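Chemist: Sequence:
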Amino acid sequence: MAAKTNKVFVSFALRDIKLRDQLLEQLNKEQTGFSFVDMPVKQSWEPAWKEECRDKVTGCDGVIALITKNVVRADGQLWEIRCAYEGRMPVLLLHGDAEKLPSKLPDPVGDREIDSWTWPTISTFLNRL
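Its first residue numbered 1, the sequence shown is counted upward by one per residue in full-length UniProt numbering.
What the hints contain is simulated information worked out from the structure, not anything from laboratory work.
Worth double-checking, as some hints may not be accurate.
To be verified - With a straight-line cut-off of 25 Å between C-alpha atoms, the simulated DSS-like cross-links for lysine-lysine are:
#, residue 1, residue 2
1, Lys4, Lys69
2, Lys100, Lys18
3, Lys104, Lys42
4, Lys29, Lys50
5, Lys29, Lys18
None of the values given here were measured: they were computed from a predicted structure.
Hey, can you work out the whole structure from these sequences and the hints?
Modeler: Right, here's the structure in full:
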């Protein structure tokens with residue numbers, strides 16, 4: 001991985017933008033020393049968007065991905081997560097809300113562990129970056 005940037009990419013389904021806002025509010029309140037970036041416009045069908053997304057994701061120290069039932073139809077979010085795993089980056093998959101997740105999640109999430117959204121979980125992840 002490249003030099004430490006103190007940036008973390010936040011991946012979310014467009015339908016979960018309010019959850020993204022809640023996460024950013026929590027992260028900023030905790031004064032983590034990291035800045036948080038994302039791709040608010042998801043154009044996963046555009047090759048230029050995919051390339052820009054890959055550069056933005058891999059230019060960070062790690063990825064926090066909010067996983068909800070919406071991930072099933074979130075091609076842009078799945079691309080972001082795929083870029084992180086292909087770049088061998090640290091990824092924290094957070095269960096974004098109280099709703100039960102589908103029994104089968106698409107790759108690259110698949111059967112990977114999805115952690116509860118708690119500050120200790122997030123803090124531990126950030127401290128390892």
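Chemist: It remains to establish, for every hint, whether it holds in the given structure.
Modeler: Hint-by-hint comparison with the structure:
| no. | hint | verdict |
| --- | --- | --- |
| 1 | Lys4 with Lys69 | violated (32 Å) |
| 2 | Lys100 with Lys18 | holds (18 Å) |
| 3 | Lys104 with Lys42 | holds (23 Å) |
| 4 | Lys29 with Lys50 | violated (31 Å) |
| 5 | Lys29 with Lys18 | holds (17 Å) |
Consistency with the previously given hints fails for numbers 1 and 4, ordered from lowest to highest.
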